[in-house]
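The primary structure of each chain is shown beneath.
Protein chains: 2
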Amino acid sequence: MSSSITRTWVLLVGIAAATGVAAQEPAPPEPAPLTAAQSDPRVMGWMQGFPPPPDKRITQPDSVYFSFPRLRWSVCHIRQLLPTIGISRGLGDPVPLRYVGDRELERLGREIDALSFTPLDGRPPMTWEQSLAANYTDGILVFHRDRVVYERYFGCLGDDGKHAAMSMTKSLTGLLAQILVAEGRLDENAKVVDIVPEVARSAYADATVRQVMDMTTGVRYSEDYADPDADIWQYAAAASPLPKGEDYAGPNGYFEYLAQVQPEGANGAAFHYKTVDADMVGWIVSRVSGKSVSELASEQLWRPMGAEQDAYMTVDAIGTPYAGGGLSAGLRDMGRLGLLMLQEGVINGRRLFPAEVVRHIRGGGDPARFGNAYPALVGGSYTSLWWVYPGEHDVIAARGVHGQTIYVDFNAQVVIVRFASFPKAQNTLIDPTSIPAFQALAGYLQAAADR
Amino acid sequence: MSSSITRTWVLLVGIAAATGVAAQEPAPPEPAPLTAAQSDPRVMGWMQGFPPPPDKRITQPDSVYFSFPRLRWSVCHIRQLLPTIGISRGLGDPVPLRYVGDRELERLGREIDALSFTPLDGRPPMTWEQSLAANYTDGILVFHRDRVVYERYFGCLGDDGKHAAMSMTKSLTGLLAQILVAEGRLDENAKVVDIVPEVARSAYADATVRQVMDMTTGVRYSEDYADPDADIWQYAAAASPLPKGEDYAGPNGYFEYLAQVQPEGANGAAFHYKTVDADMVGWIVSRVSGKSVSELASEQLWRPMGAEQDAYMTVDAIGTPYAGGGLSAGLRDMGRLGLLMLQEGVINGRRLFPAEVVRHIRGGGDPARFGNAYPALVGGSYTSLWWVYPGEHDVIAARGVHGQTIYVDFNAQVVIVRFASFPKAQNTLIDPTSIPAFQALAGYLQAAADR
Numbered sequence: 001m002s003s004s005i006t007r008t009w010v011l012l013v014g015i016a017a018a019t020g021v022a023a024q025e026p027a028p029p030e031p032a033p034l035t036a037a038q039s040d041p042r043v044m045g046w047m048q049g050f051p052p053p054p055d056k057r058i059t060q061p062d063s064v065y066f067s068f069p070r071l072r073w074s075v076c077h078i079r080q081l082l083p084t085i086g087i088s089r090g091l092g093d094p095v096p097l098r099y100v101g102d103r104e105l106e107r108l109g110r111e112i113d114a115l116s117f118t119p120l121d122g123r124p125p126m127t128w129e130q131s132l133a134a135n136y137t138d139g140i141l142v143f144h145r146d147r148v149v150y151e152r153y154f155g156c157l158g159d160d161g162k163h164a165a166m167s168m169t170k171s172l173t174g175l176l177a178q179i180l181v182a183e184g185r186l187d188e189n190a191k192v193v194d195i196v197p198e199v200a201r202s203a204y205a206d207a208t209v210r211q212v213m214d215m216t217t218g219v220r221y222s223e224d225y226a227d228p229d230a231d232i233w234q235y236a237a238a239a240s241p242l243p244k245g246e247d248y249a250g251p252n253g254y255f256e257y258l259a260q261v262q263p264e265g266a267n268g269a270a271f272h273y274k275t276v277d278a279d280m281v282g283w284i285v286s287r288v289s290g291k292s293v294s295e296l297a298s299e300q301l302w303r304p305m306g307a308e309q310d311a312y313m314t315v316d317a318i319g320t321p322y323a324g325g326g327l328s329a330g331l332r333d334m335g336r337l338g339l340l341m342l343q344e345g346v347i348n349g350r351r352l353f354p355a356e357v358v359r360h361i362r363g364g365g366d367p368a369r370f371g372n373a374y375p376a377l378v379g380g381s382y383t384s385l386w387w388v389y390p391g392e393h394d395v396i397a398a399r400g401v402h403g404q405t406i407y408v409d410f411n412a413q414v415v416i417v418r419f420a421s422f423p424k425a426q427n428t429l430i431d432p433t434s435i436p437a438f439q440a441l442a443g444y445l446q447a448a449a450d451r
Numbered sequence: 001m002s003s004s005i006t007r008t009w010v011l012l013v014g015i016a017a018a019t020g021v022a023a024q025e026p027a028p029p030e031p032a033p034l035t036a037a038q039s040d041p042r043v044m045g046w047m048q049g050f051p052p053p054p055d056k057r058i059t060q061p062d063s064v065y066f067s068f069p070r071l072r073w074s075v076c077h078i079r080q081l082l083p084t085i086g087i088s089r090g091l092g093d094p095v096p097l098r099y100v101g102d103r104e105l106e107r108l109g110r111e112i113d114a115l116s117f118t119p120l121d122g123r124p125p126m127t128w129e130q131s132l133a134a135n136y137t138d139g140i141l142v143f144h145r146d147r148v149v150y151e152r153y154f155g156c157l158g159d160d161g162k163h164a165a166m167s168m169t170k171s172l173t174g175l176l177a178q179i180l181v182a183e184g185r186l187d188e189n190a191k192v193v194d195i196v197p198e199v200a201r202s203a204y205a206d207a208t209v210r211q212v213m214d215m216t217t218g219v220r221y222s223e224d225y226a227d228p229d230a231d232i233w234q235y236a237a238a239a240s241p242l243p244k245g246e247d248y249a250g251p252n253g254y255f256e257y258l259a260q261v262q263p264e265g266a267n268g269a270a271f272h273y274k275t276v277d278a279d280m281v282g283w284i285v286s287r288v289s290g291k292s293v294s295e296l297a298s299e300q301l302w303r304p305m306g307a308e309q310d311a312y313m314t315v316d317a318i319g320t321p322y323a324g325g326g327l328s329a330g331l332r333d334m335g336r337l338g339l340l341m342l343q344e345g346v347i348n349g350r351r352l353f354p355a356e357v358v359r360h361i362r363g364g365g366d367p368a369r370f371g372n373a374y375p376a377l378v379g380g381s382y383t384s385l386w387w388v389y390p391g392e393h394d395v396i397a398a399r400g401v402h403g404q405t406i407y408v409d410f411n412a413q414v415v416i417v418r419f420a421s422f423p424k425a426q427n428t429l430i431d432p433t434s435i436p437a438f439q440a441l442a443g444y445l446q447a448a449a450d451r
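Which chain is which? The protein sequence lines are A and B, in order.
Residue numbers for the first sequence, in full-length UniProt numbering: 1 to 451.
Residue numbers for the second sequence, in full-length UniProt numbering: 1 to 451.
Source of the hints: derived by calculation from the structure; they are not laboratory data.
Hints are supplied without guarantee of correctness; some may be wrong.
[To be verified] Heads up, incomplete: computed chain B residues facing chain A, CB under 7 Å, no partners named: (1) Pro-51; (2) Glu-104; (3) Leu-108; (4) Lys-244; (5) Gly-250; (6) Phe-255; (7) Met-305.
[Unchecked claim] Facing chain A, a subset of chain B residues (Cβ under 10 Å, in silico): (8) Pro-52; (9) Pro-61; (10) Leu-82; (11) Pro-96; (12) Asp-160; (13) Lys-162; (14) Gly-282; (15) Pro-304; (16) Glu-308; (17) Gln-309; (18) Ile-318; (19) Thr-320; (20) Arg-332.
Backbone N, C-alpha and C define an ideal beta-carbon position, used for all residues, glycine too.
Construct the entire structure; sequences and hints are all you get.
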């Protein structure tokens, strides 16, 4: 793994996979990073001019383009750096989101910006508006019931832009799998090998579909970035869509990698967050449906939900979309996904999938297996590649490693969709100024509705 | 240039640049290629299955993905193979094309399919329908006045797909430049160095903008594929968006290449088709407008013309869109461009640019400088990166090297837009079954309108 070419793609896969894992690292003393305002890509001047000056260019490899502060530009321009496959919205008219009236939108905006909450990490109270900068927010959209009540764009993102969803991609893949389960096309109790015979010699062979969807497989997959032999590096090398060096002898693509993973513990014993499981779900979904994840996402979601933009996914060298982290999409279209979850499969008055799909996810996985790797989520669970939050709020979420989220609060009938480019790949640093902010907002909107 | 990585991208640039040049090669005796039906990507089974079987995969390098018959799949999937930049249609509703009534569309379809013409190369007469297969047509759309009268899709293309436009991209770039000229923002008589000082030591320094737009520059640029030192290889290596080998010491990207080209003859003396000139126009356009070609294409064309799909362009390693050949777009959106030319800047009742833009192009360049490299076009000319056909038909065209065209016949008020994936990069093999077919169709539609 000495070649810069086989190393390329490593970090992008790596940090997509690292959600929360870094919680175990002690925070080293280091200079404070640039603030959100200081690191705004327009302020930094990345990629401006023809050509951009050499010190303002953002290029391969990923150690350049996905390091802070460059990553604040790159999250909106993944397709310029890597091959991708489209998720078509089709050719029809987009179905506009419903907004509260202009005056109401303005009033709610002022009141929401002024909401105060106390971060979980001992920092003093801050306002909602301050939290947007604290979390390096690039775009945020809030629904109450089926209406947009709040929408803001920052940094590289505008309403017609697309942003890397990172590990939120897993929840898209999990949703497609759960739809196949609800439709009776995928048996969650089947052994993976009975659906994908290619994994016969892999640790996935004896896992059940449900174990893969809940990430309770006993698959060896280390994400220790300090270890040059860690699996994450081999996975990233296999997944790279760029030409591999002539000395490369490892697996080519997601599927070949998955077919050779080794066991490390028993299937079903415990939740262990690992990107490979999401890609295994992607393989299962494709084998059962006869369609790639990107094609199925278009057919089942992007086309019928009235999306206003095509989305896209990065691919490996044989065209497989990266089901564990490759999605880029518009903020409002991620909002449509959130609304579909809140409304249990219905959008624009049309049912796209059975209510049972969302009810299963809300029901959650087994909290006993979830463990305590995620301080803010202890007591919660992970099922069908969705996070199920602990507590009384009846919240599910998709989460990406730089602060991306689709947060659905069924009690308050609130959906919060956020794209962000937090400097570090550590949701444990983002949760303390996000979870209480989201709870404060949900409480405010619920109370406002009750008035 | 021994590394497979630095060679990658070579062929795609090469064949985009080769329109018509291969006329000088004698046709070697070789087995007949697969027919259009035999080489249909769906029949070949390319990239089907999860994963596709090894012998059905289409991957880097371009010597694989852009060789026939694989290229018949690749022309619809460039973004899966290379980094790209989007041309946004915006977020509004597409403005549907106007069609003749359903019954009329069906009747015209039958009659057009049965039209007979005599190829220019001595082959016996064939029908319009036979010509579609002879030219490996992937999609074709015909307007009479402002109505669609004929539309067909084959091979890899559907109405919601996108196809490589190859050298038709030049005409998009030329149109943007001509708009800037008409708006008084670009002086066609200025020397290039006065707009782009970086070319001070390049053969472009003393050329005028008009000479670059008409490809009459005296720039050294050889496209002899048999010569390993030919400029085309160096250009392709510079343009590749993939990581360059550690031993690579040449220019990085389109702009660095353009800044170091050497002279070979006098500026203004003769038309000589060379892709570098189109990229130089792209640089000029970007410097003057402050926007990339892709951004300007979105702002000036895709958004206001009511496009139904985003388009995209390939990029070099620093994000520069390939103004000489990188566009992929939907067939109907290329039709909207053709309609804009026919209607001299107006579409959907709205003027997008001054009529003078199209009038200049229709006026043509200097036929005396055009030479005889293109047998079917002798007496014609090339101006603003558009082909101006000889004869009484008042025809202009965008042309791509595998049979792609936007053909605008002002006399007959007919626009023909074609995507194709002809096995060889030789329009001289495609013109004989295209030009007389287009003339027969234009005559038929004109006569039908007069009845």
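Each hint, compared with the structure:
1. Taking 7 Å as the C-beta contact cut-off toward chain A, the hint placing Pro-51 of chain B at the interface holds, the least distance being around 5 Å.
2. For Glu-104 of chain B, the suggested interface contact is broken, since its CB lies about 22 Å from the closest CB of chain A, more than 7 Å.
3. Interface hint status for Leu-108 of chain B: violated, as the beta-carbon distance to the closest one in chain A is roughly 22 Å, over 7 Å.
4. At its closest, the beta carbon of Lys-244 of chain B sits 9 Å from a beta carbon of chain A; the interface hint therefore is violated under the 7 Å criterion.
5. With 7 Å as the threshold, the beta carbon of Gly-250 of chain B stays out of range of chain A, its nearest partner Cβ sitting at about 15 Å, so the hint is violated.
6. A distance limit of 7 Å between C-beta atoms decides the matter here; for Phe-255 of chain B the minimum to chain A is near 5 Å, and the interface restraint holds.
7. Interface hint at Met-305 of chain B: violated, since its Cβ lies 15 Å from the closest Cβ of chain A, which is beyond the 7 Å cut-off.
8. Hint status for Pro-52 of chain B relative to chain A: holds, with the closest Cβ pair at about 7 Å, below 10 Å.
9. A hinted interface residue such as Pro-61 of chain B counts as satisfied when its beta carbon comes closer than 10 Å to some beta carbon of chain A; here the least separation is about 7 Å, so the hint holds.
10. Hint on Leu-82 of chain B holds. Least Cβ distance to chain A is approximately 6 Å, under the 10 Å limit.
11. A least Cβ separation of about 9 Å between Pro-96 of chain B and chain A falls short of the 10 Å threshold, and the interface hint therefore holds.
12. Hint status for Asp-160 of chain B relative to chain A: holds, with the closest Cβ pair at about 5 Å, below 10 Å.
13. The criterion of a C-beta within 10 Å of any C-beta in chain A is met by Lys-162 of chain B, whose closest approach is roughly 8 Å, and the hint holds.
14. Residue-level restraint check for Gly-282 of chain B holds (minimum Cβ-Cβ distance to chain A is 9 Å; threshold 10 Å).
15. Violation of the interface hint for Pro-304 of chain B is found here, the shortest Cβ-Cβ separation to chain A being roughly 14 Å, above the 10 Å cut-off.
16. Because the smallest distance between the Cβ of Glu-308 of chain B and any Cβ of chain A comes to about 5 Å, under 10 Å, the interface hint for this residue holds.
17. Evaluation of the Gln-309 of chain B hint against chain A yields a held restraint, the C-beta minimum of about 7 Å falling below 10 Å.
18. The interface hint given for Ile-318 of chain B is met, as the beta carbon of that residue sits about 5 Å from the closest beta carbon of chain A, less than 10 Å.
19. Given hint, Thr-320 of chain B at the interface with chain A, holds; its Cβ is 7 Å from that chain's nearest Cβ, closer than 10 Å.
20. Taken as an interface hint, Arg-332 of chain B checks out: its beta carbon lies about 8 Å from the nearest beta carbon of chain A, inside 10 Å.
The structure does not agree with the numbered hints 2, 3, 4, 5, 7, 15 stated previously, though it agrees with the rest.
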